[in-house]
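Trainee: What follows is the residue order along each chain.
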Amino acid sequence: MSITINVNGNKIEAKAGETVLNVLSDHGIKVPTLCHLKNMFPTGSCRMCVVEHKNTDKLITSCSAIVEEGMEILTHSPRVTEARKVIVELLLSNHPDDCLYCVRNGNCELQGLSQELCVTERRIQGRRNKLPIDTSSVSILRDPEKCILCGRCVRVCEEIMGVACIDISKRGSQSIVSTAFDKGLNTSSCVNCGQCIMVCPTGALTEQSHFAEIKEALSDPNKKVVIQYAPAISVSVAEEFGLEAGKDIAGIMNAALRKIGFDYVFDTSFAADLTIMEESSELIKRITENKNLPLITSCCPAWVKYAEEFVPELIPNISSCKSPQQMAGAIIKSYFADKVHIKKEDIYSVSIMPCTAKKFEGQREEMTNKGISDVDAVLTTREFVKFVKLFGINMHEMQGETADSPLGIRTSAGKLFGASGGVAEAAIRTAYHTLTGSELVKFKIPEIRGLKGQKETQLQIGDLKIGVAVVNGLANAKKLLDEIKAGRKDIHFIEIMACPGGCVGGGGQPINLDEQAVKDRIQSLYRIDDTESIKVSHKNPDVIILYNEFLGKPLGKKSHELLHTEYQKRDVII
Amino acid sequence: MNEQTKKILNKYLHADRDSLIPILQEIQESEGWLSESSLTEVGRHLNMPVSKVYGVATFYNQFRFQPQGKFHIQVCRGTACHVLGSATVLQEIQKALKIKVGETTKDGLFSLEIVACIGTCGLAPVININGNFHAGVTTESLSEIIESYKEKINI
Ligand code: SF4
Ligand code: SF4
Ligand code: SF4
Ligand code: FES
Chain A
118 MSITINVNGN
128 KIEAKAGETV
138 LNVLSDHGIK
148 VPTLCHLKNM
158 FPTGSCRMCV
168 VEHKNTDKLI
178 TSCSAIVEEG
188 MEILTHSPRV
198 TEARKVIVEL
208 LLSNHPDDCL
218 YCVRNGNCEL
228 QGLSQELCVT
238 ERRIQGRRNK
248 LPIDTSSVSI
258 LRDPEKCILC
268 GRCVRVCEEI
278 MGVACIDISK
288 RGSQSIVSTA
298 FDKGLNTSSC
308 VNCGQCIMVC
318 PTGALTEQSH
328 FAEIKEALSD
338 PNKKVVIQYA
348 PAISVSVAEE
358 FGLEAGKDIA
368 GIMNAALRKI
378 GFDYVFDTSF
388 AADLTIMEES
398 SELIKRITEN
408 KNLPLITSCC
418 PAWVKYAEEF
428 VPELIPNISS
438 CKSPQQMAGA
448 IIKSYFADKV
458 HIKKEDIYSV
468 SIMPCTAKKF
478 EGQREEMTNK
488 GISDVDAVLT
498 TREFVKFVKL
508 FGINMHEMQG
518 ETADSPLGIR
528 TSAGKLFGAS
538 GGVAEAAIRT
548 AYHTLTGSEL
558 VKFKIPEIRG
568 LKGQKETQLQ
578 IGDLKIGVAV
588 VNGLANAKKL
598 LDEIKAGRKD
608 IHFIEIMACP
618 GGCVGGGGQP
628 INLDEQAVKD
638 RIQSLYRIDD
648 TESIKVSHKN
658 PDVIILYNEF
668 LGKPLGKKSH
678 ELLHTEYQKR
688 DVII
Chain B
724 MNEQTKKILN
734 KYLHADRDSL
744 IPILQEIQES
754 EGWLSESSLT
764 EVGRHLNMPV
774 SKVYGVATFY
784 NQFRFQPQGK
794 FHIQVCRGTA
804 CHVLGSATVL
814 QEIQKALKIK
824 VGETTKDGLF
834 SLEIVACIGT
844 CGLAPVININ
854 GNFHAGVTTE
864 SLSEIIESYK
874 EKINI
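Residue numbers (the working numbering), protein chains in the order written: chain A, 118 to 691; chain B, 724 to 878.
Incorrect hints may have been included.
Claimed, not checked - So the derived label-pair ranges between C-beta atoms look like this:
1) L217(A) to E870(B): 45 to 55 angstroms
2) N725(B) to K670(A): 39 to 49 angstroms
3) E867(B) to E276(A): 33 to 43 angstroms
4) K408(A) to N725(B): 35 to 45 angstroms
5) R767(B) to R644(A): 40 to 50 angstroms
6) K873(B) to F158(A): 50 to 60 angstroms
7) N733(B) to K408(A): 33 to 43 angstroms
8) T173(A) to A839(B): 29 to 39 angstroms
9) R245(A) to Q817(B): 53 to 63 angstroms
10) W756(B) to N125(A): 47 to 57 angstroms
Since the hints were derived computationally from the structure, they do not count as laboratory data.
Even glycine gets a Cβ: it sits at the ideal position worked out from N, Cα and C.
Same shape as in the complex, but just chain A (with noise of 0.2 angstroms):
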């Protein structure tokens, strides 16, 4: 039913049951919010999306209010910004004043709100809270004195991921996010995924960073520094540096990487092709024997850590192979540091992933060969587009460059692991064609792309029947894994990916909300899938002769060596 309501002196029409904020901005009208979360229950908490609602002559909140037949809304009335002025004011008063040393300078909510409402001095003092920084994380840095108690991230944290390791404890101005018992994010069941940074609208969540130990090793002239980025990566960025939104800039990239330092440039899609030919005959090996079904990926590490600390129960049945960015770090230093002739103690291995639980993943005791690790150092997206620009690199003057050889091709398989639902394909590509002799008609499979939460399909391959289910949002995984431990049988495959959309939309990438921003990447990514030729990993040269030279055959005994790990039940507080 639609009712008409008065803005501002203009008659709008809106749709009954809709907040006022939701009317508002479908008209174009901006209101600014802090506590709100798109497509969330508004908590009405921060009260900076005020109106003033002229029937009653009372200050309403837009993101909370119901629009009513004959509401009148005034929307920027001078008590309004005032009144909005007055809670930046609040919000400042006891705020660090460190923007110049911050890392959301100049991409700050509370920046350009203060900006847009024109607070130009402190006329509030309050106490600052002495808080420590809780550093305790490997992925995360969560600065309370930043905090401006929004709750966004406790929201994500409990609806997104299904997680809840923090909530607001303690109360008036002693308030605080914080873990149970205040003991820090790494005895808690925190899983990296870096979702809560996405949506802080301060500089109160960042990830650790790398940084300075990637420049060291740069300038270690014993150091061959190495460094592979992940298939999100290339379509994530190039807005950042004024290029085309979505454009893939993969040979910009390359080049980029190489003018900075970096001895050798690989593109981890490669190891994602890898993870298809081994991920794909485990499938194929436990449909077979009907063990441990549904096999569930690995690929994504903050759903491990999950797997360990919620669904232990569970282990057996995720895939034993190594992400791609660990498969990408253990072929890196063994059978390239050969070809090359490199000790593998002089390789330092770096990463750019979407991803802040990629941070977690490297340093893990599994990921490691005889002390040492398949990969030193994960930068995320943001921190890459940083280190462009701290080594003045003009990424509109780069010449395209390909990736280095051998492990320098990939296939628009390998690429599809980006997007949620992208591994299922790009498995069930390879494994037709394992199971049949011949490759797929058709390899799209649009039931198992796109944003939504859930999606399942079932597939005829050969003889076999298989029912695959894609998931991203750890809640969203814990429903599907809820009805396989109450039974549910039909499904062999689950691909889980913690974060919304999957590492297109990591905590690594970009800080915007703007959802199209994850559409456009994984249109992108599709795009890439649909003008190239070699689209299923098996057929990827390199990973071809990567088999014969040194690996032998999938499961074989090489890779169980480098390429698959196994997982146990970890004890935090839940």
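Using the hints provided, position chain B with the ligands relative to the given structure of chain A.
Mentor: Quick look at chain B with the ligands alone, frame taken from chain A:
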């Protein structure tokens, strides 16, 4: 799990989050404070993340997260006591014992709590230590009172 806590939780067999506060109250009643392990058990029992249990529990002044000291000091913050300087009394105690409200001294001797009017307004400002009322507390008498309790230990 500790027997007392088990008993309390057993009384709330099919409880949901609404029972959180009454459960916490009962545990504190029986143990004098809320330990990490009790809070974790409560979370498990109610199927609630411990971070949330902790968040709710720390919101309320009534809950303690350290065991009570040998001598538990209650400072009355009722109106009469307030008028006669209970704020200063509280401050002085915190300074002397180097603890805040809700905390316990490292040696486990003293713990501190504030309470609303305890109904002995004639004695204001009043503090209550293990059931003994100390009336008309001043900065000077306070240090004597504290000393006298410390001596009790030495005997
Ligand atoms: S990184 Fe993920 S799991 Fe950890 S606190 Fe943030 S949202 Fe929660
Ligand atoms: S850490 Fe950031 S997102 Fe979380 S409550 Fe504080 S300001 Fe909000
Ligand atoms: S979905 Fe991708 S970006 Fe997100 S935590 Fe998992 S691996 Fe990292
Ligand atoms: S955005 Fe509406 S109250 Fe916070």
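Trainee: Return holds or violated for the Cβ distance of N725(B) and K670(A) against the range 39 to 49 angstroms.
Mentor: violated (56 angstroms)
Trainee: Between W756(B) and N125(A), does the beta-carbon spacing fit 47 to 57 angstroms?
Mentor: holds (55 angstroms)
Trainee: Is the gap between the beta carbons of L217(A) and E870(B) within 45 to 55 angstroms?
Mentor: Holds, at about 51 angstroms.
Trainee: Is the hinted range of 53 to 63 angstroms satisfied by the C-beta distance from R245(A) to Q817(B)?
Mentor: Taking Cβ atoms as reference, R245(A) and Q817(B) lie about 20 angstroms apart, which means the hint is violated.
Trainee: Indicate whether the distance between the beta carbons of T173(A) and A839(B) respects the range 29 to 39 angstroms.
Mentor: holds (36 angstroms)
Trainee: For the range 35 to 45 angstroms, tell me whether the beta carbons of K408(A) and N725(B) fit it or not.
Mentor: Taking Cβ atoms as reference, K408(A) and N725(B) lie about 42 angstroms apart, which means the hint holds.
Trainee: Confirm or reject the claim that N733(B) and K408(A) have a C-beta distance inside 33 to 43 angstroms.
Mentor: holds (40 angstroms)
Trainee: May I ask you to test the hint 33 to 43 angstroms on the CB atoms belonging to E867(B) and E276(A)?
Mentor: At roughly 56 angstroms between Cβ atoms, E276(A) and E867(B) fall outside 33 to 43 angstroms, so the hint is violated.
Trainee: Is the hinted range of 40 to 50 angstroms satisfied by the C-beta distance from R767(B) to R644(A)?
Mentor: holds (48 angstroms)
Trainee: Does the Cβ pair K873(B), F158(A) satisfy 50 to 60 angstroms?
Mentor: holds (54 angstroms)
Hint compliance for this structure: hints 2, 3 and 9 are not met, and every other hint is.
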